Amino acid sequence: MERQEWLGLMAKADASELMGCWVAANLSPDYTELRPPEIGSVMVRGRMGGKGNAFNLGEMTVSRCSVQLSCGTVGHGYIRGRSKQAARHVALCDALLQTDDAPTITSKILSVLAGKREAAVAETAGKAAATKVDFFTLVRGED
Amino acid sequence: MYVAVKGGERAIANAHQWLGEMRRGDTLFDALSLDQIREQLALSVARVMAEGSLYDPDLAALAIKQARGDLIEAIFLIRAYRTTLPRFGYALPVDTSSMRCLRRISATFKDIPGGQILGPTFDYTHRLLDFKLAADGEVGAASKAEALSEDVPHILELLNRDGLIQEEELTDAEPGDLTREPLALPASRAVRLQALARGDEGFLLGLGYSTQRGYARNHAFVGELRIGMVAVEMMIPELGFAIEIGEVEVTECETVNQFQGSKTEPPQFTRGYGLTFGQQERKTIAMALVDRALRWRELGEDDLGAAAQDEEFVLSHCDNIQATGFVEHIKLPHYVDFQSELELVRQMRRDAAALAEAAAE
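Residue numbers (the numbering used here), protein chains in the order written: chain R, 1 to 143; chain P, 1 to 361.
Everything labelled a hint here was simulated from the structure, so no lab data went into it.
Computed far set for chain P versus chain R, every beta-carbon distance over 10 Å:
1. Arg-23
2. Leu-28
3. Leu-77
4. Asp-151
5. Leu-205
6. Arg-297
7. Phe-326
8. Leu-332
9. Ala-354
10. Ala-359
Examples of chain P residues toward chain R, derived with CB under 8 Å:
11. Gly-89
12. Tyr-90
13. Lys-144
14. Glu-146
15. Leu-170
16. Ala-173
17. Pro-175
18. Asp-177
19. Ala-190
20. Gln-194
21. Ala-197
22. Ala-231
23. Val-232
24. Met-234
25. Ile-245
26. Leu-275
Quantities reported herein were computed from a predicted structural model and do not represent experimental measurements.
Built from N, CA and C at the ideal position, the CB exists for glycine as well.
With the rest of the complex left out, here is chain P (with noise of 0.2 Å):
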């Protein structure tokens, strides 16, 4: 138990103080500008919006400023910020098959309508040092060809044509929020949607490669991966007709899985989804797969023990701003806590002590 301490304002003062000359770092070097940060560290800012759960590029900049580039800690500031903001509505739910794709792909079919378009991309780069940056060196620009005008239908619709894979339920359910009531188990598949695309990235990354390693028998594919703009509607009351209020940049993976069947379904493709604020790949992937391991119960499959099979396990933990304030906290000063065990221990030992002397007489 933490128990409240006083005193120490000098230091505590004198320590935000070393702080804030540590950020600035040497001043023989140019501040960073949160311009600097927004555009040049971009998947940072990402990261930090996706799983701050708060879509604002200029705050997210500032948070990785501030949080010295600790990107949990500048998280943490934009969660306490955005409880700061009155709510002014629900968005209507964004329709990603009409997005301005900057990247989509798919690892299922080869030729698809609207094409394979790979974006800027990491993959197939050669990971090696790139010293021209650490040179300063300009870039040149992107090259471009003629728009291409088709559409960007979403890729895993092909296989619902033929019914091979599990039809998305669309209803007017109004989905739970995790802003406003508190987790309650077991959650919507809504609910776990929230949280995991608010989770923290390198959790979620483990779960789904314990999910691709046989911890919840899920081979998937990426049936299709996609980045790019999207606008927000929303209704106005006093309009009475939804308007466009801006557009963000999101990430979606829908990942397809084969299907053995079940008691109650034919054997069939299934589905498991990740979408993300910002350009964040890894995450969305790793979301779609935890996604569709949390599912089992809906699909009739067999509850395997995996971790991320348990709903309790993955949504209570997956959250790094509520992990990490648990786990920092042991370092905050648990005087009084730790002298009752201290006392508790040496009165142990004292009972032992006469024990023992009582069983030599």
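Just chain R, same shape as in the assembly (with noise of 0.2 Å):
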């Protein structure tokens, strides 16, 4: 998995399954604050016609935070909404993965977070396939 792909399904993650997960998979790295973890907020942009110019549509909330293990490498955490911890975790997941425990995280987190994540596309994708509608046109017996 390549590391855009993983921060993204962190951040599209439940908040507390991803802490469920990091608790599970009993890691305890030494790591300093980069940027301790902080709650602000994302311009969210829509495009006129859904393909057009730019336009802003409102905000939304987004925790963030960075890390640096002992050995120097550095991670990042961005995800929607405002929870501190969930930021710290994802910014540790991300430096861990670019080190010799990231196949603990893989297995531990990244393949829970993505089974979950397909469970729920799923679920919704099956329900509203089942609300597909064929109308049909009647011939209203004008002649």
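Using the hints, build the complex out of the two chains.
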């Protein structure tokens, strides 16, 4: 998995699930906070007509954090919502995924989150598919 | 004019204490949890996020609880909170063509690639009160079918292939931001859309309706309405590339309007666009109607003097926090102000009486 992909996967995960996985992985790396967890906002944008020029839609809350492991590896975490702890965990996972601990993070955290996401996406898609309708127009018998 | 008053601290503190008790209601009943509000009053939560202009379902639920269900008060709380947040940056525009759709319908084409998906809609219900809900009846699980694998392209692109619809301009223009610069008129379409996206649902509904009734000659079809989740991507300088930082639920509506052509444009269809946070289809359709009406100048149409065409009128009055602030402030103490008016009226009456007396002599 590429770095971009794992950061996206963790950002889209439920913060409490992410923290549950972190606890289950039972890791306690030495690290310092380059940027302590903080809560802020990001302006979300849309496009006119879904495809034209950009406009500002409204903000969303975002938490972020940057850490450095004792070996020097740096990790960054960005996640929607207000969970400083989740942002710290994303940053730690991001750093650890660049080290020899990567297989542990992949199996204990990323694959669990990916599985949950796949199930949730399939659940919604299945319910949506059940509401697919075929409209047909009736001849009005005017002639 | 409002002049500051002093005093009344104890009365104010007691009033707020009573408000807290009233908010809680009869303690015979359980207190509402934020989870219950977020999950079961999801459309109120969506409105508070859209008009509060801050996507955070938990905060919106808290605001609704604190405001005793008064959504404009809740929106006010969210707007106040958002000013306390540091801005990390601007996201890349969301790609609604890759939305994970819960709902996706078109009123213009029956057979569309990706299909018509009704989703969890009130449409086609009978609008009869359901007394099973009063009896706290459990609901069955939603039916499922095999997920559709087709892409869901924007339907208006079907018209675009034949050049029958006005093309959207695509440049790198940096959009104006109402949270950074005050509204200046004439406003760009980007600023108009931002104002409408956070504008009051009721105000936009009324204006949208007025365009259908003939005030702005705006006969629209819903080309497409979709609701679903979109990923939010942002460029992260410390990484040097863009990553997804989360997902948000949005509603998108594209209207298609017949257009006779003008001095500058050939006869073709034109577009109105609506996009809001959360599941908010009424607001989003109304937004698209008003967006289209406001585009008269760029399309070379006539100004018919309709309210929905009047940018100053629409943009200055669609924000319910500005509106409620000014409308409601007149209930606050205006004693000094009113004393001067009272004195003025008394003086005018004395002058008038003196004049009448002089005329009688």
